[in-house]
Amino acid sequence: GESVGLHLPTLSVQEGDNSIINCAYSNSASDYFIWYKQESGKGPQFIIDIRSNMDKRQGQRVTVLLNKTVKHLSLQIAATQPGDSAVYFCAERGGFKTIFGAGTRLFVKA
Amino acid sequence: EADIYQTPRYLVIGTGKKITLECSQTMGHDKMYWYQQDPGMELHLIHYSYGVNSTEKGDLSSESTVSRIRTEHFPLTLESARPSHTSQYLCASSVGNEQFFGPGTRLTVL
Chain X
1 GESVGLHLPT LSVQEGDNSI INCAYSNSAS DYFIWYKQES GKGPQFIIDI RSNMDKRQGQ
61 RVTVLLNKTV KHLSLQIAAT QPGDSAVYFC AERGGFKTIF GAGTRLFVKA
Chain Z
1 EADIYQTPRY LVIGTGKKIT LECSQTMGHD KMYWYQQDPG MELHLIHYSY GVNSTEKGDL
61 SSESTVSRIR TEHFPLTLES ARPSHTSQYL CASSVGNEQF FGPGTRLTVL
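Respectively, the protein sequence lines represent chains X and Z.
With this note's numbering, the residue at position 18 of the first sequence is 18, and numbering never jumps.
With this note's numbering, the residue at position 94 of the second sequence is 94, and numbering never jumps.
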């Protein structure tokens, strides 16, 4: 069936380093892939999305890479800051539904 | 800053009680959603709505119902709460690929 999942449940990085959060998906028909950030006690917050016909998209300090050959999505965070500590979810959207994967918890060490 | 609100934030109730979780948004979004989420885990879609008088069941059967009489209001009702309903419930509205989430209601059924 359809699934979106993450390779690692936790990731610990040093403040100032770059972070890479990975995601595998199985539905090749999805139109968009999306990253959300969820801080403790809050609802998820949209970070960035990428259309299925693109390979790379950049935002402010974040880059999303899409490799359709191996069905892999990644989120790169440059110069990781303590405020980046959160759970990150990838999601895929096809039509009306958005399917979320399990999260990766990012710890930022000072 | 997303204008989507959920009440109550926390609720502890006994088995068999009927409860309604409230969700309101002031952004005028037509599409709204209810998700169930266990801590750190993926979001499971319970119900969604395309607009007023339109509601659909999601992938997770949670024995709940929703209504959409007004654009801004999308309440979720559990007719008879059970311990298996203990979870966090997130409401969202969307425009394009971006979903705006409320802070969630953390429900505990004893």
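If you are wondering where the hints come from, they were derived from the structure by calculation, not from laboratory data.
The structure presented is a predicted model; accordingly, all values stated were derived computationally and were not measured.
Mixed in with the good hints, there may be bad ones.
Which chain X residues face chain Z? A few, computed with CB under 8 angstroms, are given here [said to hold, decoys possible]:
hint, residue
1, P44
2, A79
3, V87
4, K97
5, G101
6, A102
7, F107
Just the calculated beta-carbon pair ranges, DEER-fashion [what the hints assert, rightly or not]:
hint, chain 1, residue 1, chain 2, residue 2, range
8, Z, E56, X, D31, 18 to 26 angstroms
9, X, R61, Z, T77, 23 to 31 angstroms
10, Z, L110, X, K97, 29 to 37 angstroms
11, Z, K18, X, R51, 38 to 46 angstroms
12, Z, G14, X, E15, 20 to 28 angstroms
13, X, K68, Z, G14, 22 to 30 angstroms
14, X, K56, Z, S80, 36 to 44 angstroms
15, Z, D38, X, Q45, 34 to 42 angstroms
16, Z, S80, X, K68, 26 to 34 angstroms
17, X, N67, Z, E79, 33 to 41 angstroms
18, X, G16, Z, P39, 23 to 31 angstroms
Heads up, simulated BS3-like pairs for lysine-lysine below, C-alpha to C-alpha not over 25 angstroms straight-line [said to hold, decoys possible]:
hint, chain 1, residue 1, chain 2, residue 2
19, X, K42, X, K56
20, X, K109, X, K71
21, X, K56, X, K97
22, X, K42, X, K109
23, X, K97, Z, K17
24, Z, K57, Z, K31
25, X, K97, Z, K31
26, X, K68, X, K97
27, Z, K57, X, K68
No residue lacks a Cβ here, since even glycine has one placed at the ideal position from N, Cα and C.
These are the hints, each one checked on the structure:
no. : hint                                 : result
1   : P44                                  : holds, 5 angstroms
2   : A79                                  : violated, 24 angstroms
3   : V87                                  : holds, 6 angstroms
4   : K97                                  : holds, 7 angstroms
5   : G101                                 : holds, 6 angstroms
6   : A102                                 : holds, 5 angstroms
7   : F107                                 : violated, 13 angstroms
8   : E56(Z) - D31(X): 18 to 26 angstroms  : holds, 19 angstroms
9   : R61(X) - T77(Z): 23 to 31 angstroms  : violated, 41 angstroms
10  : L110(Z) - K97(X): 29 to 37 angstroms : holds, 33 angstroms
11  : K18(Z) - R51(X): 38 to 46 angstroms  : holds, 43 angstroms
12  : G14(Z) - E15(X): 20 to 28 angstroms  : violated, 46 angstroms
13  : K68(X) - G14(Z): 22 to 30 angstroms  : violated, 50 angstroms
14  : K56(X) - S80(Z): 36 to 44 angstroms  : violated, 49 angstroms
15  : D38(Z) - Q45(X): 34 to 42 angstroms  : violated, 19 angstroms
16  : S80(Z) - K68(X): 26 to 34 angstroms  : violated, 45 angstroms
17  : N67(X) - E79(Z): 33 to 41 angstroms  : violated, 46 angstroms
18  : G16(X) - P39(Z): 23 to 31 angstroms  : holds, 29 angstroms
19  : K42(X) - K56(X)                      : violated, 28 angstroms
20  : K109(X) - K71(X)                     : violated, 30 angstroms
21  : K56(X) - K97(X)                      : holds, 23 angstroms
22  : K42(X) - K109(X)                     : holds, 22 angstroms
23  : K97(X) - K17(Z)                      : violated, 31 angstroms
24  : K57(Z) - K31(Z)                      : holds, 14 angstroms
25  : K97(X) - K31(Z)                      : holds, 11 angstroms
26  : K68(X) - K97(X)                      : holds, 20 angstroms
27  : K57(Z) - K68(X)                      : violated, 30 angstroms
Of the numbered hints given earlier, the model fails hints 2, 7, 9, 12, 13, 14, 15, 16, 17, 19, 20, 23, 27; all others are met.
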